[in-house]
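First to last, the protein sequences are chains A and B. So for the first sequence, the working numbering puts the first residue at 1; every next one is plus one. So for the second sequence, the working numbering puts the first residue at 23; every next one is plus one.
Hints were generated in silico from the structure; no laboratory data involved. What you are looking at is a predicted structure, and each value in this text was computed from that prediction instead of being measured. Virtual Cβ for every residue (Gly too), placed ideally from N, Cα, C. One or more of the hints may lead you astray.
[Unchecked claim] Not the full set, but computed from the structure, chain B residues with beta-carbon under 10 Å of chain A:
| no. | residue |
| --- | --- |
| 1 | 52 |
| 2 | 75 |
| 3 | 93 |
| 4 | 111 |
| 5 | 112 |
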Amino acid sequence: MAWTAPKIEEVTCGMEINMYFD
Amino acid sequence: MTLTAITEADTPFLPRGVRTKFDSVRDIWVLLAPERAVKLDPIGAAILAEVDGTRTLNEIAGGLAAKYNAPVDQIKKDAGAFLMSLIERRMVELR
């Protein structure tokens with residue numbers, strides 16, 4: 001894989017955040 | 023608190039409660055903090071995989087430069103900007 005500038009994407013949807021976490 | 027730029031002698035680390043997790047459904051890495059999440063691309067995940075709290079940005083960039091066969095100065099610049107954006111979100115700290 002070639003080096004490219006990294007990008008991040010903020011997760012703003014509360015339901016989506018909850019998926020990642022009692 | 024005023025944020026200053028990261029220097030190559032700084033050692034980034036993930037503060038307590040912040041961790042990476044692989045989302046096997048979406049096939050991406052995410053960085054989780056209490057009640058917050060950001061999605062990482064493969065390069066971002068590769069940078070954070072090198073962040074162990076003992077290595078400086080200089081050492082991290084050197085390792086990635088060898089792995090990706092890319093100029094270390096470019097990696098230092100990109101990784102520094104990436105880490106700064108996470109510092110602003112309080113998901114990375116420096117020592």
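Now the hints, each set against the structure:
1. 52: 6 Å, holds
2. 75: Check failed: Cβ of residue 75 of chain B comes no nearer than 19 Å to chain A, outside 10 Å.
3. 93: 9 Å, holds
4. 111: 8 Å, holds
5. 112: Violated. Min distance 13 Å.
The structure shown violates the earlier hints numbered 2 and 5.
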